[in-house]
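Chains as they are written, first to last, in my numbering: chain H, 1 to 426; chain F, 1 to 507.
Hints listed in this document are in silico derivations from the structure and should not be mistaken for laboratory results.
Note that beta-carbon positions come from the ideal geometry of N, C-alpha and C, so glycine has one too.
Hints are supplied without guarantee of correctness; some may be wrong.
Partial pick of chain F residues on the chain H-facing surface, computed with a CB cut under 10 Å [as the list claims (entries may be wrong)]:
id : residue
1  : Asn5
2  : Asp9
3  : Glu88
This is what each chain is made of:
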Amino acid sequence: MNIDLTDTTSSQINSSLVKARRAAGSPAVGMVLTLIIVTDEGNHYDALKSASQASQEHPSRILVVIKRPGRSPRDRKLARLDAEVRVGGETGTSETVLLRLHGELAHHAHSVVLPLLLPDTPVVVWWPEDAPAHPNEDLLGKLAARRITDASATEDPVSTLALRAETYTPGDTDLAWTRITPWRSVLAAALDQRHAPVESAVVEGEAYNPSSELLALWLADRLKVPVARKVSAGPGLTAVRLTTGEGEICLHRADGSLAALKMPGQPDRHVALQRRETSELIAEELRRLDPDEAFAATVRFGAGRLGKQTIQPDTPNGARTAPAPGAPAAGRTAPRPEPKQESKREPEKPPAPAPRALESARPAPQGPSGSPGPSGSKQSSGGPGSPGTAGAPTPPPPPPGARPLGGTQPPGTDPGGPGPAGRPAP
Amino acid sequence: MSSSNPLRDVSDRRLPRIAGPSGLVIFGVTGDLSRKKLMPAVYDLANRGLLPPGFSLVGFARREWEDQDFCQVVHDAIKENARTPFREEVWQQLSQGFRFVPGTFDDDDAFRKLKATINELDKARGTGGNFAFYLSVPPKFFPTVVQQLKEHGLSEGQGDSWRRAVIEKPFGHDLESARELNHIIHQVFKPGDVFRIDHYLGKETVQNILALRFANTMFEPIWNRSYVDHVQITMAEDIGIGGRAGYYDGIGAARDVIQNHLLQLLALTAMEEPSSFDAKALVTEKLKVLKAVQLPGDLGAHTVRGQYTHGWQGGEEVLGYCEEEGISSDSRTDTYAAIKLSIDNRRWAGVPFYLRTGKRLGRRVTEIAVVFQRAPYSPFDTTDTHELGQNALVIRVQPDEGVTIRFGSKVPGTSMEIRDVTMDFAYGESFTTSSPEAYERLLLDVLLGDANLFPRHQEVEESWRILDPVEEYWDTHGKPEGYTAGTWGPRAADEMLARDGRSWRRP
């Protein structure tokens with residue numbers, strides 16, 4: 001059942017919702033959350049389609065906020081709310097309300113949305129594109145327990161990630177992170193098996209792909225090894241190679257759907273690793289609404305690395321967040337104050353002389369965000385030295401503050417680190 | 001294993017549990033269960049990315065099939081019955097690991113070939129010697145199959161690889177036969193490596209009993225004899241025995257359903273809070289409550305059995321049990337069974353648990369109804385509350401999974417009139433429209449070695465201890481009372497509850 005309301009208010013929309021539900025014969029509310037999609041006229045169709053599919057798994061009230069601030073001063077001065085209520089039919093158990101906010105009202109979306117939230121259930125807000133710089137300080141973002149952004153939909157995904165790291169608040173999440181869940185789970189399952197310690201890693205993916213950035217950060221953070229990145233033709237991520245003493249563990253996906261897992265001493269195996277639709281990503285996001293600590297750890301880990309690159313390449317590492325800039329070790333300790341994590345970040349073993357660093361391969365003179373070349377990351381493969389060459393004799397020319405991702409440093413520069421003996425057996 | 005994996009972190013809750021390298025061997029792969037449940041479950045697991053890369057499926061049956069023929073059968077079964085959409089690339093990677101071994105269970109050559117196949121898979125697919133043997137065969141073949149597995153060195157893995165056995169009900173037909181069966185299987189497989197499938201325990205709603213009881217505060221305080229009047233556990237089927245005459249005749253409803261499904265549901269409903277949710281703690285609590293279960297003194301008055309007779313059900317004319325093909329006209333097998341049990345502990349003393357099951361009943365439904373006592377004092381006139389029944393909490397196990405709470409509410413109007421209303425929670429409404437099939441969950445748990453949802457042999461034996469006296473009594477006293485197909489069972493069942501001043505819910 002569709003109800004069109006022109007020049008309306010939230011309370012009229014609410015009574016239409018009740019009326020429509022009664023007409024559909026199911027007055028009980030079984031919906032588990034409210035999903036707010038903030039978008040514009042041009043993008044709302046795709047976003048709503050994905051959300052509707054996701055709501056098959058998570059019955060929800062979907063509020064689509066379409067901002068139409070107007071182009072002329074006259075349009076901008078007026079304020080009008082038009083709404084379209086959709087209940088039953090193909091929306092299944094969910095309810096959808098399209099809210100068109102004209103003129104001045106476009107800046108007061110929260111006033112329209114607040115009365116329409118389902119009582120006592122979580123609120124999720126999703127910006128398919130044009131997310132605010134500080135999702136948590138956005139008036140709509142403040143209403144939500146979960147704020148979904150998408151770095152890959154931005155002009156400069158890498159600096160967007162740096163921004164996300166900087167403004168991270170529990171409840172933030174990014175679809176670039178959601179996209180790598182299947183990769184992470186296969187890699188984690190691969191390392192569940194007996195294997196020699198990982199010494200270094202390479203992540204290969206197409207350019208402008210924040211997901212390969214995150215995957216590299218995650219691997220570096222968890223494995224404490226240098227992680228190099230290499231640009232490939234895609235689609236999306238194409239390979240992850242982990243170098244161990246016994247050989248290479250490689251997860252390789254050339255075509256975006258079927259991957260091969262190679263492990264030393266084992267036959268090659270195939271695993272379906274389909275690139276997923278947005279609806280599946282949203283469904284995964286909605287599955288758990290508690291803060292994603294793993295994402296927080298990864299993106300914060302990146303703060304010392306991404307942040308440095310996009311701000312000032314020649315400022316000492318960690319200057320933004322560390323109280324003691326300048327010290328080589330500042331970047332190691334500053335971004336993550338938790339002591340237990342700090343100790344975990346000590347190098348796995350004395351590293352190879354010159355592991356290839358994530359940042360060092362980037363064009364050093366990268367200006368502040370918005371500089372030409374939206375993502376420096378695509379350059380990284382073209383840099384000197386081929387990826388994954390931990391132990392290669394030719395050190396890349398690192399900028400002063402640049403350090404390998406993963407915090408591995410030449411022995412001796414790490415004062416007071418417990419060293420390999422102090423770590424739990426891998 | 002995972003604790004030393006740096007990529008695993010408890011706070012990283014997105015990462016699913018993926019089974020390690022492993023394979024599944026299905027004996028009796030041509031059967032209904034295999035085609036309708038097991039093969040689709042394997043595919044659905046693969047589609048959800050929960051099977052390890054290189055997962056392999058070996059079929060064993062008496063057919064002259066090649067691997068390709070087997071692939072085709074699985075393909076058709078998946079297309080027809082899988083829950084998740086068919087995706088070519090998932091199928092491609094999965095089907096590379098399909099093998100078929102033709103042969104009978106006493107055929108040594110076939111088992112030698114099975115062994116060769118497993119070795120080949122370890123090499124080609126990296127299954128690492130980890131195999132689960134699913135015995136989807138009548139129990140009379142269990143001894144042969146497990147002996148063959150042992151003789152051909154298939155029942156024990158090399159090094160730290162594992163071999164597990166998965167068996168389906170019936171787990172014997174009385175205490176003695178169950179013990180014998182356990183003995184035979186435990187000679188070959190360690191008790192911890194034997195997984196007994198009770199597919200009810202894989203159902204979301206059944207797992208939800210524990211969540212409902214132990215994750216909330218509002219139910220547990222009234223979950224005892226002070227508030228609960230009685231509990232009814234029903235599993236009704238609208239189908240007859242179908243093609244299972246050979247299995248069903250002589251077994252009957254009580255052995256087929258009460259012994260396993262209903263007593264498991266009873267255990268989950270009545271048990272105390274386990275100290276944790278690992279398999280051992282759960283078994284401890286379930287066993288404790290099963291041991292406290294007592295039969296009524298007068299079995300004649302508090303147990304009922306029935307047998308469906310010719311009638312009309314849901315617009316169809318159906319045969320009576322004794323008219324079914326393969327059933328002798330004087331069969332005394334029960335197709336309906338109802339028993340009253342009590343649980344002698346502090347929580348439940350004096351609260352009867354009524355269990356009933358039957359075929360060709362009104363409709364297909366499984367539910368647990370906890371019926372509460374009436375309010376000790378009512379300020380309303382009796383006429384006001386004339387239509388008010390007892391409060392009830394109903395866990396709908398299937399179909400239409402969910403929970404219903406029934407309570408009284410004032411009818412709008414000037415007079416005070418109170419009537420029963422229901423408050424409803426439906427899984428399909430609040431969660432996914434397609435929650436995982438029970439077999440998906442159970443197969444994954446077998447591969448992971450997680451025994452939470454599998455009854456242990458002590459539970460099976462304890463259940464037979466409860467049921468055996470009833471069966472013995474029935475053997476020597478009378479015969480099942482007929483009930484017309486499509487109704488809610490024999491009149492004696494209604495009388496059995498009426499004697500206690502209660503009545504069956506119409507589910």
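We went through each hint and held it up to the structure:
Because the closest C-beta pair between F/Asn5 and chain H is about 5 Å apart, less than 10 Å, the hint holds. Satisfaction of the interface hint for F/Asp9 is found here, the shortest Cβ-Cβ separation to chain H being roughly 6 Å, below the 10 Å cut-off. With a least beta-carbon distance of about 9 Å to chain H, the hint placing F/Glu88 at the interface is held under the 10 Å criterion.
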